[in-house]
Every structure is written in C-alpha cells, then in structure tokens.
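Peer 1: Chains as they are written, first to last, in the numbering used here: chain W, 334 to 715; chain Z, 93 to 450.
The set of hints was computed from the structure by calculation and includes no laboratory data. Glycine is no exception: its CB is placed at the ideal position from the N, C-alpha and C atoms. Warning: the hint list may mix true and false statements.
Below 27 Å or equal to it, Euclidean Cα-Cα: the simulated BS3-like pairs (lysine-lysine) are [unchecked claim]: (1) Z/K141 / W/K461; (2) W/K473 / Z/K111; (3) W/K461 / Z/K283; (4) Z/K283 / W/K483; (5) Z/K141 / W/K500; (6) Z/K283 / Z/K254; (7) W/K461 / Z/K354; (8) Z/K354 / W/K500.
Partner residues are not named here, just some residues of chain Z that face chain W (Cβ under 8 Å, in silico) [what the hints assert, rightly or not]: (9) G197; (10) E202; (11) L275; (12) V278; (13) E282; (14) N284; (15) L290; (16) D292; (17) F294; (18) T313; (19) G317; (20) V320.
Have a look at the derived ranges for each label pair, beta carbon to beta carbon [as the list claims (entries may be wrong)]: (21) Z/K254 / W/L569: 46 to 54 Å; (22) Z/E253 / W/K473: 29 to 37 Å; (23) W/R518 / Z/Q370: 33 to 41 Å; (24) Z/K450 / W/V488: 18 to 26 Å; (25) Z/Q370 / W/A444: 48 to 56 Å; (26) Z/L120 / W/Y509: 33 to 41 Å.
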Amino acid sequence: MPEDRKPQGSADPTALWRQWSETTSKAWSSALEASKGQYADSYNLYRSWLKSMGIAQEPTKLTPLGIMNPKEVWKLWFDSTISVWRTAAESGGDPLGLITTWLKLMEETQARILSGEALPTNLFALYKQWYDATSDTWAKFVEDTIGSEKFLEVVRPFLESYTTFIKTFRNAEEEYLRSLQIPTRSDVARVAELVISLEEKVDQIDDSLEDGYSRMATRQSIGELDRRLSQVESKLAPLSTVAEKVGAIESTTQRLGQIESNLAPLSIVAEKVGAIENITQRLGQVEGKLDTLPGVLEKVSKFEDLPQRMDLVESKLNAVLAALEKLVAQASAKSAKPADAAPRKAPKKTTSQPEVKSSESQVGQSSPTLEVKSSESQVGAE
Amino acid sequence: MTKEHSTGFGIDNTLDTFKKYETGMRILLSGAQADTGQTPKEVIWTKNKAKLYRYEPTIEKRFPVPILLIYALINRPYVLDLMPGNSLVEYLVHQGFDVYMLDWGTPGDEDKNLTFENYVLDYLPRAVRKVLKHSHAQEFTLFGFCMGGTMAAMYAALFPEKPLRNLILLTAPMDFTRENLGLYGVWMDEKNFNPDLLADAFGTIPGDLIDIGNRMVKPVTNYVGTYVTMWDRILQDKSMDTWLAMNKWVNDGVPFPGAAYKQWIREFYQRNKLVKGQIILRGRRIDLSRITCPVLNIAGKRDHICTLPQAEATMRLISSKDKEFYVLDAGHVGLVTGSDAKKNLWPHLRNWLEPRSK
Numbered sequence: 334m335p336e337d338r339k340p341q342g343s344a345d346p347t348a349l350w351r352q353w354s355e356t357t358s359k360a361w362s363s364a365l366e367a368s369k370g371q372y373a374d375s376y377n378l379y380r381s382w383l384k385s386m387g388i389a390q391e392p393t394k395l396t397p398l399g400i401m402n403p404k405e406v407w408k409l410w411f412d413s414t415i416s417v418w419r420t421a422a423e424s425g426g427d428p429l430g431l432i433t434t435w436l437k438l439m440e441e442t443q444a445r446i447l448s449g450e451a452l453p454t455n456l457f458a459l460y461k462q463w464y465d466a467t468s469d470t471w472a473k474f475v476e477d478t479i480g481s482e483k484f485l486e487v488v489r490p491f492l493e494s495y496t497t498f499i500k501t502f503r504n505a506e507e508e509y510l511r512s513l514q515i516p517t518r519s520d521v522a523r524v525a526e527l528v529i530s531l532e533e534k535v536d537q538i539d540d541s542l543e544d545g546y547s548r549m550a551t552r553q554s555i556g557e558l559d560r561r562l563s564q565v566e567s568k569l570a571p572l573s574t575v576a577e578k579v580g581a582i583e584s585t586t587q588r589l590g591q592i593e594s595n596l597a598p599l600s601i602v603a604e605k606v607g608a609i610e611n612i613t614q615r616l617g618q619v620e621g622k623l624d625t626l627p628g629v630l631e632k633v634s635k636f637e638d639l640p641q642r643m644d645l646v647e648s649k650l651n652a653v654l655a656a657l658e659k660l661v662a663q664a665s666a667k668s669a670k671p672a673d674a675a676p677r678k679a680p681k682k683t684t685s686q687p688e689v690k691s692s693e694s695q696v697g698q699s700s701p702t703l704e705v706k707s708s709e710s711q712v713g714a715e
Numbered sequence: 093m094t095k096e097h098s099t100g101f102g103i104d105n106t107l108d109t110f111k112k113y114e115t116g117m118r119i120l121l122s123g124a125q126a127d128t129g130q131t132p133k134e135v136i137w138t139k140n141k142a143k144l145y146r147y148e149p150t151i152e153k154r155f156p157v158p159i160l161l162i163y164a165l166i167n168r169p170y171v172l173d174l175m176p177g178n179s180l181v182e183y184l185v186h187q188g189f190d191v192y193m194l195d196w197g198t199p200g201d202e203d204k205n206l207t208f209e210n211y212v213l214d215y216l217p218r219a220v221r222k223v224l225k226h227s228h229a230q231e232f233t234l235f236g237f238c239m240g241g242t243m244a245a246m247y248a249a250l251f252p253e254k255p256l257r258n259l260i261l262l263t264a265p266m267d268f269t270r271e272n273l274g275l276y277g278v279w280m281d282e283k284n285f286n287p288d289l290l291a292d293a294f295g296t297i298p299g300d301l302i303d304i305g306n307r308m309v310k311p312v313t314n315y316v317g318t319y320v321t322m323w324d325r326i327l328q329d330k331s332m333d334t335w336l337a338m339n340k341w342v343n344d345g346v347p348f349p350g351a352a353y354k355q356w357i358r359e360f361y362q363r364n365k366l367v368k369g370q371i372i373l374r375g376r377r378i379d380l381s382r383i384t385c386p387v388l389n390i391a392g393k394r395d396h397i398c399t400l401p402q403a404e405a406t407m408r409l410i411s412s413k414d415k416e417f418y419v420l421d422a423g424h425v426g427l428v429t430g431s432d433a434k435k436n437l438w439p440h441l442r443n444w445l446e447p448r449s450k
C-alpha cells in the first residue's frame, strides 16, 4: 500500500472496530476509575477487560490500517486479556468464579478462532463467531448460577421486598387519589366487574333461550310428530276391539257389583229363613204335641159329668139365641121405617149387623132358633 | 457469503450497512412489528375479553367434525396463525377442516379473581356449544396448546362423552414432578417461591413478569442469541418476516389473572395435583383416566417450557385405547411454526385427523 494512501475511514471494519473500542473503553474506564475509591471492587472484571482492550488497541494505532491483520488484532487482545484476568483470578477477587469461567471461555475461544480459520473482518461477523464459540459455555454457566441455592437465597428476599414495595406503593397511590376524590384504578375495576357479572347473567339468559329454542316446535318437527302419530294410530286400530271387550268386561263387572249389592239384603232373608226353619221345626214339635191332643180329648170325653155340663152349656146357648132373635126382630122393625129414605143402604147395614162387637154386646137378646143353629154349628166346628 | 464480502468497501456498501444498522436499531428500540394472525376469520361469540373465532373456509368443508383450538392464558394464540404461509390454522383451513379458536383475551384488573373454574367450566363449555351450533355438528375435536392443552385435558376429563370426539394435546404439561421441570422445578419450589406475593401485589400478574420467568429458563439464548440471529439475518439480507413475527409474539405477553396464577403455580407446579387426581373445580374432581376419546399427544425434545416427561405422562394417565405420542426434535414454539413444522407436524396432524373427523 502506498504511504500517501489515506485510511479508508469508517468503511473499514478494522477502523470501525478500533474507533468503537477506543471510544467505549475510554468512557467505561473513566466511569469505573471514578468509582473505584468509593466502592468495593465489584467492577474488577470489567476494568480488567477494558485494560486489556487498551493494550490491544496500541498496535492498531501505530500500524497502517491497510496492513492490519484481524488475526493479529485478536491474538494481541487475547494474549493481553487472558494475562490480566488470570492475574485477577489468582489474586482472589473472584468469589462467584466468574473470572475463572470467563478465562476458561476465553482460552477455548482463542483456540477456536486462531486455529487457522479465516477470520471475518466484519465487526458483527467477529462478534457472531465469538458468540457461537462461547454461548454454550456461557449458557451453562448462567443456568447453573441462576439455578443454584446461592442465587435463590438472594432472589427470595428480593422478591419479598419488591412485592411489598409494589403493594405499599399502590396502596399509597390509591389513598392519595381517594383523598382527592378521583376514581382510582380499583374503582374502575370494580365497575368493570359489575359489567362482567351482568354479562354473565345475560349469558345465562342466552343459554336458557337457546335451550328454549332448541325445544321449540318447528314445521319440520310438527310434520315428524304428525307422521309418528299416524303410525301410532294405525297401531292402535286393532286395540279398539280389545277396548270393546275390555268395556264389556267392565260392564259385566259393574253389573256383578250391582248384583252383589242386591244380594246383600239376602243375608238378612237367609237369617229370617233360618228363623223360619227354626219356627217350622218348632211348629213340627207343636204339631207333634197337638197330635197327642185327640187322644187326650177322647180321654176327656169319657168324663161322666161332661153331658151335664153340655146341657148346661146348651141351655145357656139357647138363652143366648133367644136374645139374639129378639134383637134381630127389633133390628128388622127399625130398619123398615127409614127404608124410603135410604132404600139401597139398608140391606148393607143389615148384613153388617152380625159384627163381632155388636153380637157380643147383644148376646142376651138373640133368638133361640138361631141359638140352636149356632150352637150346633159351633159344636160341629169344635 | 455476505454482500459486503462480495462487493468490497464502497460508499454504496457503507450506506447499505448503515441502513441495516438502522433497521436493527429500530427493531431494538420500537419492538418487532409484523402482521400476524392474517387468516380471515370472524368473531362468532364473546365473553368478557374472550373471543371465539371461526376461520373462513377457503375450500368446501371436507370434514363434518370441527376443530376448536385453545391456547394458554399467557401469550397470544396467534402463534398458531403466525403469518401467511407459516400458519397451522391456515394449513388446516386449506385442508378442508372447519377451524375455530378461543382467544382468552387480555385480562384487566377486574379479572384478577378469574380461576380455572371459570375458564374450564364457564368459558370452554359455552364456546363448545357455540362451535357445535355454528358448524351444525354433533361432535368436535379439541386442540390445546401448552397450558391450553392442560385445560383441554381437564375439560375432557370432566366431559368425556359426546360431543367430544378427539383430543389433541400440543406440548401440554400434565406431570409437574420436580425432576421433570428443569429450572422451573428449582424456582417454583415452595420454599423458594410464594405465588401469593405476586398475586397480592399485582392482582393480575403483568405479562412482562411472566415473560421474564419464561425467558430465564434459557437466558443466553433468549436475551442474546435472539438478537444475534436478528443482526445476522439483517446483515446477510435474509428474510426477517418470520423472525419479526416470532419476536413480536414472544414480547406480546398477556397478564395472568392472579387467582388462576396462584392455582397454576401452587396446585400444578408445587403440589403436582393434576396427576394425583386432586384438582377439584367447583366440587368436581379432575380424573384424567376418564378420558377415553382418541388422543394425539405431541411434544418436543428440546422444549424447556413443557419438558418431554411432563407431556409423556398423559399417555399413562388417560384410558383412551386410540392414543399416540408423537415426538419431534423441536422446541416449544418450533413445533408449530417454521419449515420443520410444515414438513413434520402439519401433515401428521392432517393424517391423524382425517379418519377421525368423518
């Protein structure tokens, strides 16, 4: 390259890299150096890295850009970096093992990158190569760290204090806004909850309506029902005969019931029949006893005084007959006078005279002829 | 080879380099911007902040059994519909499936008391009814991703009968045995972490805080490696679309309702109650052995959010006769997006679903 040739400026990736690293490392170095006296040396890692970057930059400042070999730049950087960090790790400033891990990583990366492969001059390509070479190791390291008990011991109280802070801050905000009579976030949320509850009720109504609609009859469903009804009717037709028979049976059953109810009084009749039978039996017994009476009467007729007593009775009867005849005569005389007034009724009254009462009351006035006839007829009857 | 190597160090190259650095710096300062979730969709139902999307079919529906996708309570579900050409949802729609997605939305302070009872017993069953009604279907396939998979399994255990036809679990943690959890196991140990502290302080746990926890599982990769990749792609003129979409998604965390967060940490991570059958939602015990429907369980070998044993445990806990454990050499998100997903997971999903969606 000719000596008067000007550097290619920002288009040159090596120059870009150098400019970027100069600017950023200076800025970081200043910031970190300024804080060095005030804090524990927690920035040691970065400070070491920046120092090594400064060392690596020195040759690039002196060398014309056109002949700068990226591999040389990397080698210089690695050599100086690894050396500085190894010193830092050995001095005991690496409680979490970060620097040791980083060193290991750097050595692996150095070996890979400087193994003879062509190195890209693009800044990003370099970075990507570095990332590809280191990401797995880094990922494992980070994952081991954040999954460690030591890490979680730090996270636990952090989370507690963080959430406490959030809660306190929110409560304070709410109280403040409330004191200003301004609706707060939770007030709005409460209203929204009411709206959501309302929507839920609408959904329930919607569900009910849907259920209702699904049950509602349509022309199709009615047609289907009609068809099925016809089928049912045709199947029911033979049943009418059966129904008639069932009706007849029912009628018979009904009549049977009536007969039963009619027969109920028969039990009383039966009881009476039983009584009649009893009476018949007793009557038989009475007849049996009466059958013995003629014999007894025969014995009685044999009594000697019986004719005398009969005579006496006859005489009395004659007297009675005489009285009766007399009464009859009187009655005839009386009935002859009012014959004109009631010619039809008189014979009736005459025939009605021989009533039991009248005859008894007029026993002493009956005619003797009639008395004989009567006594004869009465004896014959006895 | 980079452009720089091929053209040397000219003024054009310098300007180009500056433009690239400008691009990178803008992303770092303003965050990644990308159009995500582009598959056409309509909202067919909402509840509180949750929305139920139905993706518009691009071809005639080939399968009568619709798919309902549910995602975790953290991060956004559009990772399943990341961007055109790199979207699982788009792929399924193009295959003739009727696809629905339940987006839990962004909880606010008023949602701090929402619990898994609300999500599994109130939101999910209603969403299922809406899906069935909208698609005129009698059955559906439930597809849960990450915590959404755990919730899907809980739903399936509570409602194992019809209309649930199939269950797909994508990186769904079930067994929270400490040894299976990696760094989470150490951090979430009861003696190290009390979830009440955060829940009581914040009400609804900020998404950024949840995100820190997830990123710290792989801190170097997530905090450094991601941006190394970014610069590499910018400087080498590689497409940034996927990186931007993914980075946007990673940084787009949603708050976690405090009550649900406490349940998630205490009952799942710290006490591992799900596999013990001790999770009880409104008096109803979650017994995973009640799951009898066909199950496709997918996990990634390199997944640090839901480790392989966490997902694998499902296979011994459920009673399904038709079940498959499908393992891919991928991470938590790499399973569903990217070229590997297109080659492996998506066709496998289609092949599994096709005979079970008729």
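Peer 1: A separate judgement is required for each hint: does it hold in the structure or not?
Peer 2: Comparing the hints with the structure gives:
1. Z/K141 / W/K461: Given pair Z/K141, W/K461 is violated - Cα atoms ~43 Å apart, limit 27 Å.
2. W/K473 / Z/K111: Violated - the C-alpha atoms of Z/K111 and W/K473 are around 35 Å apart, more than 27 Å.
3. W/K461 / Z/K283: violated (40 Å)
4. Z/K283 / W/K483: holds (14 Å)
5. Z/K141 / W/K500: holds (26 Å)
6. Z/K283 / Z/K254: At roughly 43 Å apart (the allowed maximum being 27 Å), Z/K254 and Z/K283 break the hint.
7. W/K461 / Z/K354: violated (41 Å)
8. Z/K354 / W/K500: Between Z/K354 and W/K500 the Cα gap is close to 17 Å, so the pair holds against 27 Å.
9. G197: The hint is violated - Z/G197 has no Cβ within 8 Å of chain W, the shortest such distance being about 12 Å.
10. E202: The hint holds - Z/E202 has a Cβ within 8 Å of chain W, the shortest such distance being about 4 Å.
11. L275: Status holds, d = 5 Å.
12. V278: Given a least distance of 5 Å, the restraint on Z/V278 holds.
13. E282: violated (12 Å)
14. N284: Since chain W brings a Cβ to about 5 Å from Z/N284, closer than 8 Å, the hint holds.
15. L290: holds (6 Å)
16. D292: Result: holds, 7 Å to nearest chain W Cβ.
17. F294: holds (7 Å)
18. T313: holds (6 Å)
19. G317: holds (6 Å)
20. V320: holds (5 Å)
21. Z/K254 / W/L569: 46 to 54 Å: violated (34 Å)
22. Z/E253 / W/K473: 29 to 37 Å: The hint (29 to 37 Å, Cβ to Cβ) is violated, given that Z/E253 and W/K473 are roughly 49 Å apart.
23. W/R518 / Z/Q370: 33 to 41 Å: For Z/Q370 against W/R518, whose Cβ atoms are near 36 Å apart, the range 33 to 41 Å holds.
24. Z/K450 / W/V488: 18 to 26 Å: For W/V488 against Z/K450, whose Cβ atoms are near 53 Å apart, the range 18 to 26 Å is violated.
25. Z/Q370 / W/A444: 48 to 56 Å: holds (54 Å)
26. Z/L120 / W/Y509: 33 to 41 Å: holds (36 Å)
Hint check: violations occur at hints 1, 2, 3, 6, 7, 9, 13, 21, 22, 24; the rest are consistent with the structure.
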